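A.B. asks: Respectively, the protein sequence lines represent chains Z and H. Anchor point for the first sequence: position 255 equals 254 in numbering that gives the first Met the number 0, and the numbering is continuous, going up by one each time. Anchor point for the second sequence: position 104 equals 103 in numbering that gives the first Met the number 0, and the numbering is continuous, going up by one each time.
The reader is advised that the hints may include incorrect statements.
[Unchecked claim] If the Cβ cut is set under 10 Å, some of the chain Z residues that face chain H in the computed set are:
{"no.": "1", "residue": "Ser43"}
{"no.": "2", "residue": "Leu47"}
{"no.": "3", "residue": "Leu50"}
{"no.": "4", "residue": "Ser51"}
{"no.": "5", "residue": "Ile58"}
{"no.": "6", "residue": "Ser340"}
These are computed hints drawn from the structure, not numbers from a lab. In this text the structure is predicted, and so the values were computed from the model without any measurement. Quick reminder that beta carbons are idealized off the backbone N, C-alpha and C, glycines included.
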Amino acid sequence: MSKEMMPPGKRCQKKACFSLQALLILLLLSLLSPLRGLAQPALSPKELKRLSVEELLNIEVTLVSRTPEKLTEAASAIQVITGEDIRRSGATHLAEALRLVANLQVAQLSSSVWIISARGFNNVFANKLLVMIDGRTVYTPLYGGVLWEQQHALLEDIDRIEVVSGPGGTLWGANAVNGVINIITKSAKRTEGLYASVAGGDFINNMEALRYGGKIGDRISYRLFGKHFSRDATASATASNNHDAWTMTEAGFRVDWDPTLKDAVTIEGELYAGKRKTLPLASASNGQNLMARWSRTFSPRSDMSLQLYYDRYLRKDAPTASSDMINTVDADFQNHFRIKSQDLIWGMGYRFVKDDAHFDIAAGAGIVPRFKRLDLFTAFVQDEIHLVDSLRLIAGTKLLHNEYTGWEWQPSVRLAWTSHYQTIWAAVSRAVRTPSRFDVDYFLPMTPQPPTVPSVAGGPNFMSEKLMAYELGYRVQPNKVSSFSFAAFYNVYKDVYSVEPLPGTLTYQIQNGSEGRSWGIELAGGYEISKRWRLRTGYTYLDKNIHAKPGHNFDPSYLANDVRNNLMLQSILDLPLHLQLDVVARHLDGLGKTFATAKVPVYNTADARLAWANKGFELSVVGQNIGQKNHTEFGTYFIPRSFYVKLNARF
Amino acid sequence: MSRGRDHIKFVELGRKMILLLFFLYTSHAPSAQPSRADQVKAAFLYNFTQFVDWPANAFTGNTFVIGILGNDPFGDYLEALVKNEKVNGRSIVVQRYSGVGEIKNCQLLFINNGNSTAAIKALAKKNILTVGDDINFAREGGMIRFFIENNKIRLQINLTAAREAGLSISSKLLRVSEVIENE
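Work out the full structure, taking the sequences as your base and the hints as a guide.
C.D. replies: The structure is reproduced here in structure tokens:
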């Protein structure tokens, strides 16, 4: 994989100070909170009163979490981006959409590579986040991170993205150390009709999407979609550009079937193929996946779901003549029921992964052995107990068995007090980041070397990295138009990655020689000033102290290129004459130089979108990263200011 | 073009934008539009009139009154929904109250005043079907609580409280609800 860091180069300097002023003013504005209604597509009263009670109970009413609680009652640092927020932001890729919450640090490294993390440890192989698309886990067991350039979804059809910062290991998977990103697409019931869009610009060379959704009988809805894009190269300080342009084509479908009022079946799949420009030859990648989920509601007190998926990807890297192909089969079962004042959820899962990491000897570093089977077995149980009227205790644990370290457990205890649209919560959780192939099977060079020759010889004794997280949060929805949340955390990491020589040799091994602490706060607010104007904002402060354990000799600072202050404001405004004016402004502190990564200066920038939308047609002009001619977010590739024009139609 | 000039232009653009935003903020009066959840809740309120039996002495006129105590999340939507609808020959009307004391003739009351406990206490055994969505609403003696689970509205019914108020709730409604009975 050619994700190695580049030497520091020339940087852009001037920063625009306007966005900070604007943010402050708008933040102040958001504190004024008159009581007004939320703007959502209306169901006509006539339609609605004809429905039976069962049908009313089946209407999807909110844009909040999949967990059985209202967002205001959620006892975790969850933030939600709705499909509408994304469409109005001008984002052209899932990774760009994730800039809409400030509890994530999104850094674009090159035209096709994004590095995304929550609560720290941002680096090229950022590996402490669990990411799912419609329940399908998409981080790669190769290095525990997400290849964002291979994650696709038609942004038009995204229902919401839930971002939980903090450990989610008890309910979710083994990688949910610092956060969980749950990307959820709309049910096919809600995407009937035709959607077509074409776009072109100076960085997005062209971008097209087509979707058709329909019904078969009363109970089956489906959609078919395809998309294609071609993106330009980022700018270089020394050469004409970085030769990192890329193209991608994707096709997919989703079927939703309600065989009975109590059952729901979803089947979806996609195929994609693309090419990243690399020198001297381009690097191809492709992938396929297929997912089926059956859920049954036994009663309002009890339900279950069973999910199966298959996922395969192949990612080639031409310059190093290497490739990685992973086949995954995953089965998950979960059951939820209530007894008296207790809410119990439990489940189990099995994942089979076959990795073919093919690295050419000439590439230098590589993964040995080439083929590896990784079995993962998981089981979890969580009980939510209503102690007294407004007080809930939520306790549970996940148990998992993985190829490298055997059994691991991830318990958490939460206490939540909810009253009148507000919740105060506190949590203590343990989470583990189980080893990936990059931790255990990484060799440089790939052939055994004598102790007198410098080499890296894998991590035969690498253990899971461990986290104890202490969290405190408050969320409130004082009225129908505003919401606010606050979370504070203190994380203690043990047995973190290091690379150290065996005593008296030049043979380096990957070990667990680092440790550290991190702490910070996260704020988020939403405010609907009027039916026509809505604001969302977020701010994160993060600080940390990571270092080698006593008796170890390693500098882990390059593992955590984290911004200290991260501020985001999104404004969504409907103007007269069918016009829309939308802005996403953001401020990110700079990153210090480490021995492996470049310094990144602080930057303020914004995306702006002006659109005319009428009768199913929409014409928009979007400027991305308009704060300066270009800027770096990680490494030395310059992300340019860019513009595109997009025309779309919905029928 | 130099970066410095770009910078100045951008600041200018920003200032203009903020001015424009303020202008819009002060220049138009928004109208209320209930959220999807509130629309569905309104439909449920109407449905309850069909699935609950009130004793004859619960009525003092020829109307069936749906009351809203406190903040009204439904706006005109509820009126539009119950327009021309009847309960056993009685036309449905919607009334709004700011305090419990104002409630005289009311059969179904949506309580949304931030202190449902006091209202529930004051109205217990008065032949009024009390509906709310505070987390402890049904536990504290309210009859039907709306809550949201998996993005859908769910109902929690305190059967004891309804019985004590002389109301009889259809088994059709109970079947799809979470029922709690006080021991």
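A.B. asks: Please flag the earlier hints that this structure goes against, numbers listed from lowest up.
C.D. replies: none
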